[in-house]
Amino acid sequence: MSPSTKKKRRPRGSGIKTGMSPGTMVFIGEQKQDRARIEVLAYSEATFDELHDIPVEQCRPFANAPGVSWINVNGIHDVGLIQALGSIFGLHPLTLEDLVNTGQRLKIEEFPSYTFIVLKMITFNETTQSIDVEHVSLILGERFVLSFQEDAGDVFGTVRERLRSAKGRLRSMKADYLAYSLMDAVVDHYFLAVERIGERIEDLDERSLIEPRPEDIGEIHRLKRVILMLRKAAWPLREEIGALEKSELAMVRPETRLFWRDLYDHTIQILEMADTYRDILGGMHDTFLSSMSNRMNEIMKVLTIIATIFIPLTFIAGVYGMNFVHMPELQWRWGYHIVWGIMLIVGCGLLAYFKRKKWL
Amino acid sequence: MSPSTKKKRRPRGSGIKTGMSPGTMVFIGEQKQDRARIEVLAYSEATFDELHDIPVEQCRPFANAPGVSWINVNGIHDVGLIQALGSIFGLHPLTLEDLVNTGQRLKIEEFPSYTFIVLKMITFNETTQSIDVEHVSLILGERFVLSFQEDAGDVFGTVRERLRSAKGRLRSMKADYLAYSLMDAVVDHYFLAVERIGERIEDLDERSLIEPRPEDIGEIHRLKRVILMLRKAAWPLREEIGALEKSELAMVRPETRLFWRDLYDHTIQILEMADTYRDILGGMHDTFLSSMSNRMNEIMKVLTIIATIFIPLTFIAGVYGMNFVHMPELQWRWGYHIVWGIMLIVGCGLLAYFKRKKWL
Amino acid sequence: MSPSTKKKRRPRGSGIKTGMSPGTMVFIGEQKQDRARIEVLAYSEATFDELHDIPVEQCRPFANAPGVSWINVNGIHDVGLIQALGSIFGLHPLTLEDLVNTGQRLKIEEFPSYTFIVLKMITFNETTQSIDVEHVSLILGERFVLSFQEDAGDVFGTVRERLRSAKGRLRSMKADYLAYSLMDAVVDHYFLAVERIGERIEDLDERSLIEPRPEDIGEIHRLKRVILMLRKAAWPLREEIGALEKSELAMVRPETRLFWRDLYDHTIQILEMADTYRDILGGMHDTFLSSMSNRMNEIMKVLTIIATIFIPLTFIAGVYGMNFVHMPELQWRWGYHIVWGIMLIVGCGLLAYFKRKKWL
Amino acid sequence: MSPSTKKKRRPRGSGIKTGMSPGTMVFIGEQKQDRARIEVLAYSEATFDELHDIPVEQCRPFANAPGVSWINVNGIHDVGLIQALGSIFGLHPLTLEDLVNTGQRLKIEEFPSYTFIVLKMITFNETTQSIDVEHVSLILGERFVLSFQEDAGDVFGTVRERLRSAKGRLRSMKADYLAYSLMDAVVDHYFLAVERIGERIEDLDERSLIEPRPEDIGEIHRLKRVILMLRKAAWPLREEIGALEKSELAMVRPETRLFWRDLYDHTIQILEMADTYRDILGGMHDTFLSSMSNRMNEIMKVLTIIATIFIPLTFIAGVYGMNFVHMPELQWRWGYHIVWGIMLIVGCGLLAYFKRKKWL
Amino acid sequence: MSPSTKKKRRPRGSGIKTGMSPGTMVFIGEQKQDRARIEVLAYSEATFDELHDIPVEQCRPFANAPGVSWINVNGIHDVGLIQALGSIFGLHPLTLEDLVNTGQRLKIEEFPSYTFIVLKMITFNETTQSIDVEHVSLILGERFVLSFQEDAGDVFGTVRERLRSAKGRLRSMKADYLAYSLMDAVVDHYFLAVERIGERIEDLDERSLIEPRPEDIGEIHRLKRVILMLRKAAWPLREEIGALEKSELAMVRPETRLFWRDLYDHTIQILEMADTYRDILGGMHDTFLSSMSNRMNEIMKVLTIIATIFIPLTFIAGVYGMNFVHMPELQWRWGYHIVWGIMLIVGCGLLAYFKRKKWL
Ligand SMILES: [Mg+2]
Ligand SMILES: [Mg+2]
Ligand SMILES: [Mg+2]
Ligand SMILES: [Mg+2]
Ligand SMILES: [Mg+2]
Ligand SMILES: [Mg+2]
Ligand SMILES: [Mg+2]
Ligand SMILES: [Mg+2]
Ligand SMILES: [Mg+2]
Ligand SMILES: [Mg+2]
Ligand SMILES: [Mg+2]
Ligand SMILES: [Mg+2]
Ligand SMILES: [Mg+2]
Ligand SMILES: [Mg+2]
Ligand SMILES: [Mg+2]
Ligand SMILES: [Mg+2]
Ligand SMILES: [Mg+2]
Ligand SMILES: [Mg+2]
Ligand SMILES: [Mg+2]
Ligand SMILES: [Mg+2]
Ligand SMILES: [Mg+2]
Ligand SMILES: [Mg+2]
Ligand SMILES: [Mg+2]
Ligand SMILES: [Mg+2]
Ligand SMILES: [Mg+2]
Ligand SMILES: [Mg+2]
Ligand SMILES: [Mg+2]
Ligand SMILES: [Mg+2]
Ligand SMILES: [Mg+2]
Ligand SMILES: [Mg+2]
Ligand SMILES: [Mg+2]
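Protein chains in written order, with my numbering: chain A, -7 to 352; chain B, -7 to 352; chain C, -7 to 352; chain D, -7 to 352; chain E, -7 to 352.
Hints are computed from structural coordinates only; laboratory data are not their basis. Built from N, CA and C at the ideal position, the CB exists for glycine as well. Hints are supplied without guarantee of correctness; some may be wrong.
What the hints assert, rightly or not - Estimated spans, in silico, between C-beta atoms of each pair: (1) S283(B) with W326(C): 56 to 64 Å; (2) P104(D) with A57(E): 46 to 54 Å; (3) E49(A) with A158(E): 25 to 33 Å; (4) G149(D) with P58(E): 31 to 39 Å; (5) D271(E) with A242(C): 35 to 43 Å.
Unchecked claim - Heads up, simulated BS3-like pairs for lysine-lysine below, C-alpha to C-alpha not over 25 Å straight-line: (6) K350(A) with K9(B); (7) K238(D) with K99(D); (8) K349(D) with K349(E); (9) K238(D) with K293(D); (10) K350(D) with K349(C); (11) K238(B) with K224(A).
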């Protein structure tokens, strides 16, 4: 496994919670920044407010404010902060437990007053030529969206920009459209990642056809793993978005339905691209193996032919190297030359035979 | 990968749109002709009008004209033109976004006033012995069909001819039958392509049985890829046509239902032919590999046998090439002849043993 | 591919119809007899009439005659005749198009006044040890059954016999029971074919266990292809018959339902037999490959061992063949015998080592 | 194929009935005993009657007797007897046809007055270490159960015993519980068979790990076939029993529903055990192949190394065996010893190189 | 197979019960402790009672006591005790039969007065590096939960602790929440097991990349088997919990539904982790095999090249070792040196050729 797909020794997983009461909040993952920070963007068609690094208590008004509020938390390792936010926005203990578990798989769960969405945010890492995955959860309420991520840095920059500049329809829509926009941004980065991996694959395919190298097989395996990781993250995403499109919830408004359908279509396209690349990698794998085995066969064949031609000749030479007193040929005037002739005939005969059989 | 299946370095894909507002129109693909052109064929049972290379504004009357109007656009890279047409015919921004994205997968989407159909037009390219794919979208409205393609040149010539000459039932039917006719033309070319590929496969199968060549394996892989490409384009087509056949839309009239069913049957047949050819290629692949490995085994066997027979003989010769002072056999009158005799016996004995074991 | 599964260069397939108006009748296939002939068997419980080689117009009364009429057409290449029959019995243009297309896949389609059934009639060809396939279509109407085949010669002889002799319940039943009887006859020949192929497989299995031959692998592949052909024809047949059993049509009477269920059961049995034989062939394939590779390994092993034993001995002989002036051993009285002793010890030692390691 | 799985040349199968009228009774199979015999056990909670080898006509009263009657027929080759019984108990001709066809697949069919169940009775044969299969059919009526088997000898001994001794609830229940008890006995023997095969597999696994033999691969294949045979018989059995559990028939009483569910659970367990053993055999197959190939590789490696070390040494000896007049080394006092030294250095050097590369 | 996955020779399985009346209780398994013991924890929000090793009759009051009673039985080999408990709590004979059968597969069955749940309790065994499986059954009644296990020692310690200390919501909830808590404890240990196995896999992956050893393949196979065992136990668990979540039973209260959903999510996560590890093991297997085959190919190649270079040289030496009287080269002053030159040229030429061909 190349370093790019090798995970660091995982901090203890869900197993650490063995025997704990259900709904017990324990952060599972790796702490990525020192202090958790809360960021709020509250807006309506006409107004816009932005707050950074505020204390939890200052979030309380946004639970029932007019307009739409987006509360983003960077740093889910701060269990106390998450718990406080949870009690402000009425989150179920089981939701809180999953929010702080980076090992939680993707899912969508409906609770009476909100919809809980677990995502994986994917970005292509140019250094490792692999993908980085960050655990992100969304809480979609009637008038707010909460987002929780492991650390600062995300793919939502353009959403913030559109909110600030009031470009497009985002400011005039409700919380469900904000949630859609955030998921759309996540999905856009899946596209970017699958395209970057695809370029790597096509480069490798092109180069290894001209000049295959033994290390190519390792790279093919590595890329297959990356594609599989991406596919594994995209598959439940598709289910989630399909469920949102078809959901009967009051907070998913009919006017956003077309947008969810469009996003659903995007996730299918990502899966199809991933499948195409997986098939291409499969083909490259087969081609590589058969070209390797062809090479080895060719080597063995040529070498064995060389050996085979000289072995009978060496035998002939051995015969006339015997020391018998009575070996008439040895006295012949042209004996030596005749033997050379015989050896040439045998050698060329064997060569001709191999040629005719198309072994050369 | 042979040149015929190798795509040119793709222009940036959907990833380029990361962070853009949904419904933002950006042409994704390769511009194939300099200027987009609009072509209109408006008809009823009694009338027929044909317009070429007209400005967008001239299309407005056809949105509500009596009879049926077919507006065909060659060149979807002209985003402004598409946008203008979109506002005339009331197309949703998400539809416009997909219209100009050649990477968009096949799908069918119903909007309140029209049905949006994404197709891939396939033609067999004799030069590359592969298939060319062109992105085509259809908008089926109550009284019009819009078609959008990448450049001039398509498979709709015979439909135009039937419209002009009023042959068959086309002129007396509504817009849904026109859409059906266009898709039927597309499907007919899938048939042509699969048959041409099938001929290539059967030729290769026949020839490689008589005289297998190392490059055959590459050709088998190439044809497999072409078949898979075709299959990938035909599979969602089948879904689309099945959905149209069963659709409850007012614009899909009961009297065309039988035609959609017939077309659905055609796509199944294409898929079955593709599957049959894929299986045949799979069998050819196995046969080729085992014939290659048989050949190699036969070579190794014969060569090893030759070597094996002479190695003991060379040993015997070596023994009597030793220079010991006291080697009684060397003085024998018939020693040399006896050794020759022994060597003949050993050689023939080994040959006989190999024969009996059926190794020769 | 052995001659038995190799199709003759196909006459142009469905691709020839590219661009034609839907419902255009073009014969696709190979003309198998010179002239098409119509045969009519009209019967009721009490009456029976049989007509041979009559002109089309003479069929018109049978469209509404009391009792049941079976009109059989040998030779679907005669497009004019089929068209004329079609207009007498009210067949849809899309049905006519499929009737004359031997490439049409199996299907069942319900039209308001008749059910259209496409079949493949299979017979085992003893000469090629493969199966012959003939395109057959049935039209099941209220009071008539039309059957269309490529040429004279079919599997319906016993049905005709039962009609003539009034044996069994056939004469006293309606048209749907006639259609059932024809399909039952077709299915019976599937049984015959699968049993004959099964015998070939069991013979080959038995023989190749005793004495495997290189050509066996080709025969295994050939039989696999034949089984797959048969399976491909039986699979949709099962769907068809299942659909007929469950159909709500007036022309499929409740009293024949048990018979359709029985026939459905037969097709499942054929599929299960085909699957069993496919699995057996798969096992034979694996066994053959591993026995071939065992053989090759055994050869290589024995030969390599022979060579390996003599190579050190030849080295020893070579040492005492050197011409140094000062080589004390050469003068020894028993030097030659000692060397022989050493060589025997080395040779037997190696043999013993190989034996102990179980390489011999 | 070892004798235990090799079927005897099958007597003609269903193909023999080609062209016969549906419902024609023809015994298909191998006659296993000379004369068919009828056995009747009639009982109620208080009464019990047992009759052996009675003529058919004597069965007529049991068709409507109070209590429950079990009529068992050993020897389905006696078509006349079956037909007579059929007319007494009102069996449909299609049922009779299937009763006497040992090639009939497992199925369950509901007729207005009875349920028809086709089974395979399986017993483990210690001699062939394989399973014996007997065709058994059950007819479950309101007040009777008919059972038909190929010959005397079955797995129903304990059911008879429980009937005679009035142990358990059997005597106090209706005909459906008798049918359940018979099928339970059949399923119990599936358990026995799968456990006996499992023991064989575990013994082989244990032994072949310590000392793999070439014939093991054949035994693995044979056991795989036996497991597949058993699985093929158990799969439709599960469907049958599931259908009976959920059936709406008057003759399947609510009070036996829990028993059918229990039996359904047993068949699932059998299938899971069969799947587990199939997986274990698959693993053994892979392990065996890789251990075989490891062995062969080790042989080839060691032998090639031996050869490779002596070939350069033989070359050196060959050099000093040349007869040139002017070869100064030959005159040297210590020439011979120096050459031996060189040969030792070369030989040990090669050995050390191989060691360092971990090839030894 | 390493000792850790090898089961001890199983005591007779379900086959021992062949022919027994359904509902006959026979202990199937291995007796793990000498005497069965009953333990009771009875509680309500305000009260808590704990009894150990009491006689069966003392359990009778708990069948209808107010509050919730948990009766745990260690030692299901004591068939009499189980039967007595069964009659106190009204268990069906078929339930009792399955309770004492350790070979019983996981399932959930609803009876009128209770729900019967069969589980497998899994713990990771550090000594064998494998998993230990214990058969556990739960009976969920209106006011009680019965649990049956093979011997003392289980994963329910923390549940007992929470009951005693009245921590969390457990004491204030009904019997269904107790059943949920027990199953949650079981599932938590699945997490622990899959994480411990995952660590083994990652260690092996890391180490075998640096230095692959032949025994690694065995360890890969062993870990695959452990993962498959775990997966086989987790798959039906997921079905069970899903069925409980969706069940319409009065005893599964709406307020625990969210907890069942959470537990269902956990089992899916376990299955996904198991699948991920299975895929990783598959990849390791492929990588290992190809690295092994690469190694072998490299050895064969280098060795064959060495042999091939010296064989022509030995031939040359053999030629000048011939004893012909008339061999002019032998008299040449520089003959010996010329031959050495030729031999060097040939040797280096071959080396250069191999280099150029990239065989070295
Ligand atoms: Mg817990
Ligand atoms: Mg939880
Ligand atoms: Mg972040
Ligand atoms: Mg980050
Ligand atoms: Mg997007
Ligand atoms: Mg879109
Ligand atoms: Mg976007
Ligand atoms: Mg979009
Ligand atoms: Mg075009
Ligand atoms: Mg074009
Ligand atoms: Mg067409
Ligand atoms: Mg058609
Ligand atoms: Mg057409
Ligand atoms: Mg058509
Ligand atoms: Mg015919
Ligand atoms: Mg014919
Ligand atoms: Mg039949
Ligand atoms: Mg039948
Ligand atoms: Mg018949
Ligand atoms: Mg029948
Ligand atoms: Mg019997
Ligand atoms: Mg028997
Ligand atoms: Mg049982
Ligand atoms: Mg074992
Ligand atoms: Mg049970
Ligand atoms: Mg029993
Ligand atoms: Mg039971
Ligand atoms: Mg325990
Ligand atoms: Mg224990
Ligand atoms: Mg838990
Ligand atoms: Mg959770």
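- prompt: Which hint numbers does the structure go against, in order from smallest to largest?
  reply: Checked against the structure, the hints that fail are numbers 4, 5, 6, 9 and 11, while the rest are satisfied.
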